[in-house]
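Protein chains in written order, with our numbering: chain A, 1 to 281; chain B, 1 to 305.
Hints may be right or wrong, so weigh each one.
25 Å max Cα-Cα, derived DSS-like pairs, lysine-lysine [said to hold, decoys possible]:
1) K72/B / K62/B
2) K115/B / K216/B
3) K219/B / K111/B
4) K134/A / K197/A
5) K219/B / K299/B
6) K226/B / K299/B
7) K134/A / K161/B
8) K111/B / K268/A
9) K161/B / K72/B
10) K268/A / K197/A
11) K268/A / K115/B
12) K216/B / K226/B
13) K53/A / K161/B
14) K62/B / K134/A
15) K111/B / K226/B
In case anyone wonders, no lab produced these hints; they're calculated from the structure.
Keep in mind the model is a prediction, meaning the values are calculated, not measured.
Read off the chains here:
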Amino acid sequence: MKIKRKPNEARFATQFITYAFLIVGFLVSLFPFYLMFVSATHTSGDVVSYPPKLYFTNNLINNFHALNSDIGIGKVFFNSLFITVTYTLLTIILDSMAGYALAKFEFKGKTFLFTMILVTIMIPSQVLLIPLFKLMTSINMVNTYPAVILPSLANAFGIFLMRQNMLVFPDSLIEAARIDGLSEFPIFFRIVLPTMKPAMAALGIYMFMSQWNNFMWPLVVLRTPNMYTFPLALAGLNGMSRINYGEIMLGTTLATLPIMVIFMFFQKQFVSGILNGSVKG
Amino acid sequence: MEKNKELLKTGKSKSLISKFFPNQNTIPYYFLLPIILLFLMFMVYPIIDSFLMSFQQYKFGKYSFVGLSNYKRLVSDPTFKAALGNNFIYLLIQVPIMIILALVISELLNKSFLKCRGIFRMAFFMPAVTALVAYALVFKLLLNTNYGFINYLLALVHLPKVDWLNRPMSARASIIIAMIWRWTGYNMVILLAGLQGISGDIYEACDIDGANGIQKFFKITLPLMKPIILFCVITSTIGTLQLFDEPYILTQGGPDNATITVANYLYNTAFRFINFGYASAISYVLVVIIAVFSLIQFKFVGGGD
């Protein structure tokens, strides 16, 4: 059987168009990052000069001082990191436990519970904004770390993701452990959980990124600048009457770089985290 | 050993302790307990509370029931209509462009001759991991009328400057451009994974039958990819209907409410005008719209997994 082959020129044309298109897309995707980094070293006047300056200059230190005196970089960084790390760790352990129960046990109310959890994916977060704020006010938790962390732990995506991954864990291993006399908590923590490291990594990275970038709920519940996370502090700078663009771009750079680095290191896990939550479902 | 003792205990008498002691039957509840509590407190309770609040009004220091009046007011609220209209403009223009673009890019990235696939994929995906605020601020700079890079490019090819963020149509276009930049790569990664799951044998069989690239795309790729495309369309639709951050940072909903979304209006109503009842009514209308749209899309495309 002869397979029809394209003539050489046609194949070259396909390759040329493919690369041209992808390279343009590559530049469009990354140029805003480049502009951000470059502008972080500019004076405000440089940023707004025309034609735009696209090379690095030497105002980085001044921008850093200006940014630090306006938002307090150390404090903002600590707030962001503390909230994000605590949230990520809690979400990994709680979602793993819930996913394990939903994947490996039969019990009363299981289908109902699982359906209810999934339905909440459709609920827009804006619906929760007001009642959650009222709730936080009534229990005196406005402007605290737990006020940001706790509500976002009620997250269907993570539970669903862990359940999908737990489904493939062999039942026979759990049975064998039971016969050996291991009780249920050790089975979970010592036998099941260690095999779930890839899934937990995927979930963790995904949740880390979404909490690091989280904007709307923290905007509502964190009221004073000393509690602000990076996105809030940056939005605050944007609203100031005297806008220093060099300073703002340094701020966005500092907020973005950690995430970019983490993403580059854990690209595979992150992507698989998204995929398990969608395609395999 | 311990477990045997336990069994003995339960056999003898069902004391309260043994009934709730972690065993094979009760253990799933223990594992689920924290999540159930969190969902009850921060999901179920707020959903009910905001539903009830949508029938109330805050007057003279307390809430009182006002029946459907919040919902009635919505029907004739020009800002709400404008916001809803904007959401649909974003939806109808941004989602199709983005999904088609993502499909094209994923198709190109799936070409067997391609080198540096990983680098391309990472670059396209990078916008999706950026903090919303950070990227919106950068776009504000890029789109600036007087010194923005995009107008600079337009000037280079002798096109007139566009007043991106200050004219109704161009402000909407700005939001759409920004969203396409941010979310195309995200959808592309999902679609690419789907494409890589299609067996090469099918395409080879088509080659034997003499099908060309376009035929292969429409007869093989598209039908096989339908569930995954549906997933992308639904999540993007929900995301667009809930859109908040881009208009909030880029245009503050302006000029003259030309870019305001329902979520922006809801936020303003609740936290600027401190009208929780009315804002809750807005949020419930949003829930219904999102539910209806998801259902229509499921039916229309014939469902998927």
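Looking back at the hints listed earlier, which ones does the structure fail to meet?
Hint check: 4, 7 and 9 fail, others pass.
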